[in-house]
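Since the structure of chain D is already known, use the hints to place chains X and B on it.
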Amino acid sequence: MRARVQVFATCLGENFFSDVLKDMVTVLERLGVQCEFPEGQTCCGQPFYNSGFQSQTLALARNWLRAFANTTGYIVAPSGSCTDFVRHRYLELFPPGAPEHPQVEEIASRAVEFTEFLTRVLKVTEMGAHFPHKVTYHAACHSLRNLGLRDEPKLLLQAVEGLELVPLAEEETCCGFGGVFSVIYPEVSRAMMDAKVKNIQASGAEYIVTNEPGCLMNISGVLQRIGSPIKPMHLIQILASSKDSSRPSP
Amino acid sequence: MNKHPARDEILGQVRAALGRRAETSVANVPASARVGPRQAGDANGEIEMLLGEIAKLGGNPRHLESKADLEAALENLVHEEGVKKATMWQTSELKELGVAEYLGTLGVEMISPHADRDQLADCDLGVTGVDAALPETGTLVLRSNPEKPRLVSLLPRVHLAILYPPLLDADLGTVLDKLRDDSCVTFITGPSRTSDIELTVTIGVHGPKALHVWIVEKTDRS
Amino acid sequence: MSAIPTHIDFRRNVQSVEPQVPASVRKATTRFLDTRAAVVDVIGQESWQALRQAGHDVRLHTINHLDYYLARLEEEVTRAGGHVHWARDAQEANRIVLEIAQEHRVKRVVKAKSMVTEEIGLNRTLVDAGVQTLETDLGEYIVQLAGTGPSHIMVPAIHLTKEGIADLFREKLGLDALPEAARLAALARAQLRQEFLAADMGITGANFLVAETGTLVLVTNEGNGRMCTTLPPLHVAVAGIDKVVPDLESLNVLLKLLPRSATGQKMSAYTAFITGPRRTEEENGPKEFHLVLLDNGRTIILQDEITRETLLCIRCGACLNVCPVYNHVGGHAYGFAYSGPIGAILLPQLVGTKVAADLPFASSLCGACADICPVKIPIVEILLRLRRRVVEGDTVEPAVSPATLRLGVQMVARAMSIPWLYDLAGQLLRIAQAPFRRGAWLPSLPPPLNRWTMARPLPALRADWRAAWRRRTPEGRTRQRRIRIALVAALASAAAYVGWRLIQRQDRGE
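Chains as they are written, first to last, in this note's numbering: chain D, 81 to 330; chain X, 75 to 296; chain B, 434 to 943.
Just chain D, with the same shape it has in the complex (with noise of 0.2 angstroms):
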């Protein structure tokens, strides 16, 4: 085993995707990286301070920083959002000074996300991956950013033994998730949605594929109350995706 890694499943990757952490660990250790997953962690706080009660997230992040404490080795999330959070937001939430200050920097510096983890520090893309399909990529916006996450998650796909990556209109825009905001405004959040699956629907791609649980719920929502036959997906399914496990969808 060449490296050990901390799995942070994150709220929604726990309570909706379990397949997808479950494909995360395969993956991993398919590279030769060993997982751990510390109990200890709940959620990271993002959805409370984004809806504006920054003071509650203190107790979260404690909890989080506390969970994560004592590990060793990155920590890798399937979501952008989330890593991003815990990697930029808790030093404004504990900044030079606070006694969690130290705790921030050794610890939350380590969050990665995965395709972050894969690309930048493993410099891996090519993982015997098979997934004859054609896809598109939509770009969540965390990922985008704040991670700066451009082209890494496209080299991953277009890395995809039978893989046909096409690309969609727009591939940058919003799909109307926003945490909070979808459920304030539903309005504007469908509307914004209808004009992803419309650029979805118009690329051809038999599957939808991002790497944030966030847009993946919201994505599979719409898909499923139209009835579309375009299938979501995250990116981790597809590279676990391989040879003799072709897999149904989520």
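No wet-lab data here; the hints were simulated from the structure.
If you're wondering where the values come from, they're calculated on a predicted model, not measured in any experiment.
Treat the hints loosely; a few may be bogus.
Claimed, not checked - Once the Cα atoms are required to be at most 27 angstroms apart in a straight line, the calculated BS3-like pairs of lysine-lysine come out as:
hint, chain 1, residue 1, chain 2, residue 2
1, X, 130, B, 595
2, B, 605, B, 595
3, X, 159, X, 169
4, D, 203, D, 102
5, B, 605, X, 283
6, D, 278, B, 460
7, D, 234, D, 278
8, B, 460, X, 130
9, B, 720, X, 252
Just chains X and B now, with coordinates in the frame of chain D:
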């Protein structure tokens, strides 16, 4: 009694918010807030760029080699735009070119730029010089003084701007530096335009409906 | 439309957006973004990013030394022969302009497009006092005829079709026109030409005010700005105190950023640099120049170091164009003068959190606005800061959210920060969702979660990751078994307790 309660209150609140005091001196504008000037290309390239930009904007640029060319161009313009009345800046450069005289021989009535504005608004053509030009953006810089009344480039239906001699500046910054002493300087970049109705580009709203820009070489100046 | 609202209900406004609006808004914003991208390409990404940084730095430097530059500006405008007035709020600004008008027996005013006069509702004040006040920017002229407000910072009548505009001209002006842009523009030109020549006073805003020289910079395309500042004998400019820049050299940066970001032009058709009234020896230009410097909440915006950067805005509208929310709702949904991401951060600060509490939430926090902003305003950071102001309150304003909501969220947050409770809650919710479950989905949930399901179903809660993880090892399996037993025991005792209470209640005959 405070003579300027609003002024003092606003400045006081600004200072309180910023944690500054009236006597706090100001730091210099940071170097990071400046950008270097654009470097000029060769002279012909710059002229071509200027005329090209103006053409793209719906203006009518021409490069005239001589005074004879100028006269032919004027004749053409008067004919094409149906010019009956014209007004003009009173600068020595334009006088030297003999524009007014030649327009006169073409039967155009010359209106003094000092005439009342209804008369100026009635003019078909306003002729001005140009104090500087920016090739990068196709911009003409017009200063304002008694010889260069502001209305000549504004009220007539057609604006003819003559660059004589062609005063090109490579960069906006160098032009801005020349503006310190004028009450009014106008940058003109193409004819007046709007996209306010369904985004359809419409040329000629309130300002001139047509812009002609002629570069006249000084070769035959004795 | 110029009335300052008492409450902005974004959701209701969205629901009343006319169906044709999103498509026409999108057509305009797409055009602007395309032309913008083309002119940015000419400059090159690297130089453009350097320009943006310089734009940010010069604006932030100015705002951080605002008192100094305002005092300098006043000095220089006065030296050039102009008059400077200071207005603490909208009412004071309106009163100042009206007094200038009345002093000069002004009957007819022509106005160039100005967001700030929209902000203070100046037109209403003048019209109420019997002064004819005419918008002369074509788009503003049209929305004034329609009796509505602008829906886009650059294209105020973006929400109207040419047919609608032709109807408007017929109805309000008695002019028959074919519904063609060129015909309608020509009609407006002819109408307004007479007004320009007859006007006693021109009113404009300001794109920039140069402290070093006392120069007012106006960036326009139609030529109406030049008309308003050249023909009438009196020119009054109204500008927020945030419009000042240190010197002409600053414009070297800002004038390269503004038209490119706004309309994708390398330079607008007319950029006028006006320093005081006309000189004594000049014939053209106004005899008097007045500058009204308006606070109207801006000094409050300065108080918070993060929200302060709202004042860097140069009003290009690029953030509107790129915003997926704005593109689907248009400008009127924001309820007042400013819209899009800049409206969402500026309005709550100008009119107060209580009035505009909805707006900081009218964003998916996607960040496209901050990425495109030519002066790099951290719009997402400011939205988050304002969300906190709404929910929890801060040093600038108290919270407007109900205390019960805060208490409820606090309890949830605390519970979620306790790992066993978090785990247990997941298991309980998994059981509780059963009546709503249709296969792998929850198509319809009770309030407040119906706000999610009205737009799309929620995937059924699985909450099975931890169990799956534990089952990977023998020790984990033992642990998982114990947790399961504890969960069943807890549920059984809860059921027993509830049953016991029900029996007691029946016994008492309640």
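Hint-by-hint comparison with the structure:
1. At roughly 26 angstroms between alpha-carbon atoms, residue 130/X and residue 595/B fall within 27 angstroms of each other, so this suggested pair holds.
2. With a C-alpha separation of about 15 angstroms, the suggested pair residue 605/B and residue 595/B falls inside the 27 angstroms cut-off, and the hint holds.
3. Pair hint residue 159/X plus residue 169/X holds up; C-alpha atoms about 18 angstroms apart against a cutoff of 27 angstroms.
4. For the given pair, residue 203/D sits about 22 angstroms from residue 102/D by alpha-carbon distance, which is consistent with the 27 angstroms threshold.
5. Distance restraint check for residue 605/B and residue 283/X: the Cα-Cα separation of roughly 26 angstroms lies within the 27 angstroms cut-off, and the hinted pair is therefore satisfied.
6. With a C-alpha separation of about 17 angstroms, the suggested pair residue 278/D and residue 460/B falls inside the 27 angstroms cut-off, and the hint holds.
7. A hinted pair counts as satisfied when its Cα atoms are at most 27 angstroms apart, and residue 234/D with residue 278/D qualifies at roughly 21 angstroms.
8. For the proposed pair residue 460/B and residue 130/X, the alpha carbon gap of about 22 angstroms is at most 27 angstroms, so the pair holds.
9. Using a Cα cut-off of 27 angstroms, the hinted pair residue 720/B and residue 252/X holds, with the two alpha carbons roughly 24 angstroms apart.
Of the numbered hints listed earlier, not one is contradicted by the structure.
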